[in-house]
Amino acid sequence: MTMEAMETPEQRIRTLAVELLREGKIDMFVGLRRGVLPLTGTPCFIPASRGGAQEDLEQAVGQLVWGGYSAPNLAAYLVSFYEPDLRLKQQPEKPVLGLQVRSCELRSVYTLVREKQVPRDKLVLVGVPCRGMVDLRRLREKLDLERVTDAVEEPGALKLKLPGGEVVRLDREEFIEDACRECRRPSVPEESVDFLVDGPSRKEAAGVYDAVRAFEDRPVEERWRIFLEETSKCIRCYACRQACPTCYCRDCFAEQTDLHWIGASAELSDIQLFHLVRIFHQAGRCSSCGACARACPVGVDLRTFTQKIVKDVDEFFGSLPGFSLEEVSPLNVFREDDGEEFMSEP
Amino acid sequence: MGKQKQQAKILDKAKLPDLIEALSARAVCLGPVRSADGPRWERLKPSSVLDLESVNTRLSPKAVFLPQREVLCTFRGDRLEDSPPESEAERTVLFGVRACDARALQCLDLVFGPGQSRFSDPYYLERRERALIITLACREPGRACFCTSVGGSPAGTEGADVAAVDLGAELLLTAVTDKGRDFLGEQEALLTAADQSHLESARNQAERARSLVGAVDLEKLTETLARDFDDPVWEELARPCLGCGVCAYLCPTCHCFDISDEVDSRGAGVRIRSWDCCQYPLFTRHASGHNPRVNRKQRLRQRIMHKYAYTVENSGVIFCVGCGRCILNCPAHLDIRVTLRALQTRGGRS
Amino acid sequence: MTARNPYLPSPVRIEDIVIENELRDLKTFKLVFEREEDRSAFRYLPGQFGELSVFGAGESPFGIASAPCEEDYLLFTVKKTGTVTGELHNCEPGRTLGVRGPFGNGFPWERMEGRNILIVSGGFAFTTLRSSIVQMLHPDNRRRFGRLTVVYGARDPGEFLYKELLASWESDPEIDLTLTVDREPESAWKGRVGLVPNVVKELAPAAENALALVCGPPIMIRFTVPVLQELGFADDEIILSLENRMKCGIGKCGRCNIGAKYVCIHGPVFTYAELSDLPPEY
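Residue numbers (the working numbering), protein chains in the order written: chain F, 1 to 346; chain W, 1 to 350; chain L, 1 to 282.
Please note that the accuracy of each hint is not assured.
DEER-style ranges, computed between Cβ atoms [unchecked claim]: (1) PHE280(F) x ARG341(W): 38 to 44 angstroms; (2) SER49(F) x ARG341(W): 19 to 25 angstroms; (3) ARG192(L) x GLY267(W): 29 to 35 angstroms; (4) GLU221(F) x VAL294(W): 30 to 36 angstroms; (5) VAL36(F) x GLU200(W): 53 to 59 angstroms; (6) GLY164(F) x GLU200(W): 22 to 28 angstroms; (7) LEU282(W) x ARG155(L): 54 to 60 angstroms; (8) PRO84(F) x CYS69(L): 48 to 54 angstroms; (9) LEU282(W) x GLY191(L): 52 to 58 angstroms; (10) ARG76(W) x GLY191(L): 19 to 25 angstroms; (11) ARG111(L) x ARG266(W): 32 to 38 angstroms.
If you're looking for bench data, these hints aren't it; they were derived computationally from the structure. The C-beta atom is built at its ideal place from N, Cα and C for all residues, glycine as well.
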């Protein structure tokens with residue numbers, strides 16, 4: 001048994017990060033560190049040149065964590081590193097980034113590479129295992145999360161400390177995000193990344209489309225009512241769009257004024273169109289990571305609609321995004337055998 | 001002492017539904033209603049289940065005075081038709097506003113009142129005029145609260161017309177303004193006199209709550225912000241930010257808005273204002289394409305500087321009440337306390 | 001809303017439209033208030049701006065090009081760049097628009113009393129300077145100011161605004177006007193050739209008891225300010241007018257700040273000294 005195999009995933013990530021940084025293989029490592037609030041993770045950017053001693057790098061890398069911390073999809077940060085600065089004639093050299101990726105984040109990265117937003121050869125991908133992310137919203141329904149002073153994650157449990165010392169022990173699986181519960185590929189394949197961190201991942205979900213089918217099976221009035229109810233909560237903050245790694249348009253349709261597609265406010269019809277169009281723009285591109293729903297401050301259930309699109313693209317075109325760098329999105333390609341039922345049998 | 005007792009009344013919590021009924025007859029009555037996702041500002045009915053224990057609502061009550069979408073005027077073709085009539089601002093009672101949110105309204109008053117610009121915002125001011133604010137003192141702060149570090153306190157009464165304290169089975173109600181005094185007078189039938197023990201309970205509760213609020217050292221902040229505009233630390237601090245707008249939308253003192261026209265195919269339309277956010281990339285982009293704040297670092301710096309430096313320079317007030325909503329709801333889990341601390345400790349090392 | 005609502009535009013009628021340049025993307029609109037009470041309430045100083053509305057398209061801020069002494073109308077010169085300006089350029093005389101204002105601080109007229117005034121401008125930033133010059137040249141006002149020197153540059157002869165007015169000023173003894181174009185033009189041009197900063201340097205106007213009003217594209221300002229400083233103008237004697245993205249115009253919407261200053265209420269006119277204290281975010 002090698003030293004590597006005895007390391008926890010967290011330790012292995014730190015070892016890899018410090019090696020890559022020290023050896024000058026990357027300009028910056030992008031991972032997660034603990035957020036201030038319990039069970040949260042916040043993106044951590046560690047540049048190679050710290051201007052200081054070795055210990056500085058060790059200390060920086062020592063912040064990196066692995067676990068079910070609720071965190072954004074790290075791929076959402078990539079485009080800004082590689083997009084050209086239109087003010088400059090000569091573009092500066094772009095950095096080589098080391099990036100830790102869960103399976104869903106990897107799929108987002110692949111889509112960005114395929115769409116030429118991020119160069120593959122500038123990325124050193126460190127695949128990490130995933131047991132699923134803690135669902136803070138569900139936790140908040142269970143107890144007053146704001147007063148929890150500390151939390152510890154164990155393989156099967158969440159232990160939350162309340163003021164006064166009381167410890168509440170919860171079944172971890174009960175508080176895992178829906179996106180993770182429905183994950184079709186929680187483990188990162190070794191050949192898809194540059195380094196693979198060993199460790200426990202969830203099992204692939206059995207009924208990935210169960211929730212979507214349950215929605216589809218409802219009568220149309222019921223589906224409309226759900227759509228209405230969910231979109232009524234929206235405050236048009238764009239957190240879903242900003243958190244989504246594949247929403248990177250410089251000029252989002254929702255904010256265009258030269259062609260005023262939709263109004264700017266939280267007027268319901270504008271909200272509905274915003275979501276419908278944004279979700280359709282994700283067709284053939286969504287990695288089902290759930291970052292959009294997780295980011296939403298008012299709990300709009302976006303996933304019912306995003307996963308419906310994922311299912312449709314899967315069923316109509318036999319395609320799921322982000323598994324291969326070579327595939328072309330079915331919506332960017334015309335094939336003579338494309339189905340036409342929507343025209344003949346709407 | 002005697003005067004204080006005169007202004008302080010007791011409402012048996014069992015009578016809350018009666019109070020709500022009495023208020024609803026003549027005003028829109030809003031309060032924090034229990035929901036699976038935490039208390040939400042909703043219109044109250046006598047049967048409403050109030051949540052007076054949770055730390056705070058997710059959305060602040062600023063939307064009552066500065067709605068996400070507000071019609072400024074209507075037009076038809078090239079002609080202005082109408083602006084919302086005075087009577088549209090209904091009499092409103094907000095019950096259960098936390099001290100931080102009430103203070104925040106005073107910050108917004110500085111913006112929408114004549115202030116530095118000699119112009120007043122009639123839409124906001126009408127709503128404020130017609131509203132009665134009943135604050136509810138916090139018994140136990142949350143982990144993201146830091147009101148005491150920005151000049152507030154859990155039982156603070158700034159911005160309140162009536163200050164309420166939850167004493168368990170009873171609410172202690174104290175008039176803070178004339179409006180509040182009149183209100184208590186109107187509700188006399190439901191109220192009883194408060195005595196020394198009530199007042200002492202309230203005082204003890206306030207002291208205890210105050211001692212529990214996490215402190216953030218902001219002593220060097222003004223000096224740092226004035227001096228370190230170009231410090232490279234801003235670049236680091238801005239990296240995890242997604243530019244998503246949640247912080248500004250939920251912040252009780254953030255007030256930036258956009259004005260746009262919406263017109264139908266027959267030429268009838270409205271000019272609306274809607275919430276906007278300095279973190280959005282297009283916020284400062286000129287028609288020519290030039291954008292003075294083209295990157296995330298500049299935009300994050302703007303937000304911090306605006307709240308903790310520019311408003312202090314212009315009106316002497318920090319535009320932050322320590323409510324913690326930005327901390328609790330940031331999808332990237334940025335923590336403004338960490339940001340402020342980093343600025344103060346890094347300052348001057350560039 | 002009994003008190004005057006600063007968000008509501010007053011109706012104005014387009015009386016005339018003048019196409020100012022060969023590219024035809026600069027038009028001057030002559031606007032007349034429909035209601036006398038709006039006209040008489042609209043008291044402004046040169047340097048201030050107004051918000052022009054085209055209902056349905058939106059609103060945009062423009063420096064007021066007319067002078068207060070031109071009592072019966074307002075002039076705005078609009079460059080076609082976006083949605084609202086595009087819509088404005090589609091308008092015909094007779095159409096009703098909306099005007100809000102006047103907003104902003106205007107030029108520092110009290111300080112300017114009794115001083116020599118140097119005006120340096122480039123491109124289509126000349127609008128509020130037209131307002132200033134017309135106001136100063138008015139017989140009732142002229143003696144309140146000293147020498148009036150103007151350097152106005154354009155890319156080529158076709159790009160000058162207010163050509164007729166400029167022609168009348170060239171032979172007006174009360175004003176010393178120098179026009180210059182960036183490069184030797186193809187068309188016949190008897191005037192100067194040279195970039196504005198260089199021309200100012202050559203002319204070397206005296207800084208003594210003078211104030212310089214500088215309005216132009218950022219690059220012109222960047223190279224003109226050092227020339228003025230060398231000539232002896234103190235930083236607070238160099239007066240600039242800024243452009244920024246503005247919406248409400250009244251200091252509420254939070255969009256136009258540069259540091260702690262809102263361009264719409266503390267500006268758009270700032271001295272170079274004031275600007276040096278502000279972050280370079282404009």
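Here is what the structure says about each hint:
no.: 1; hint: PHE280(F) x ARG341(W): 38 to 44 angstroms; verdict: holds (43 angstroms)
no.: 2; hint: SER49(F) x ARG341(W): 19 to 25 angstroms; verdict: holds (24 angstroms)
no.: 3; hint: ARG192(L) x GLY267(W): 29 to 35 angstroms; verdict: violated (49 angstroms)
no.: 4; hint: GLU221(F) x VAL294(W): 30 to 36 angstroms; verdict: violated (47 angstroms)
no.: 5; hint: VAL36(F) x GLU200(W): 53 to 59 angstroms; verdict: violated (35 angstroms)
no.: 6; hint: GLY164(F) x GLU200(W): 22 to 28 angstroms; verdict: holds (23 angstroms)
no.: 7; hint: LEU282(W) x ARG155(L): 54 to 60 angstroms; verdict: violated (29 angstroms)
no.: 8; hint: PRO84(F) x CYS69(L): 48 to 54 angstroms; verdict: holds (50 angstroms)
no.: 9; hint: LEU282(W) x GLY191(L): 52 to 58 angstroms; verdict: violated (41 angstroms)
no.: 10; hint: ARG76(W) x GLY191(L): 19 to 25 angstroms; verdict: violated (49 angstroms)
no.: 11; hint: ARG111(L) x ARG266(W): 32 to 38 angstroms; verdict: violated (52 angstroms)
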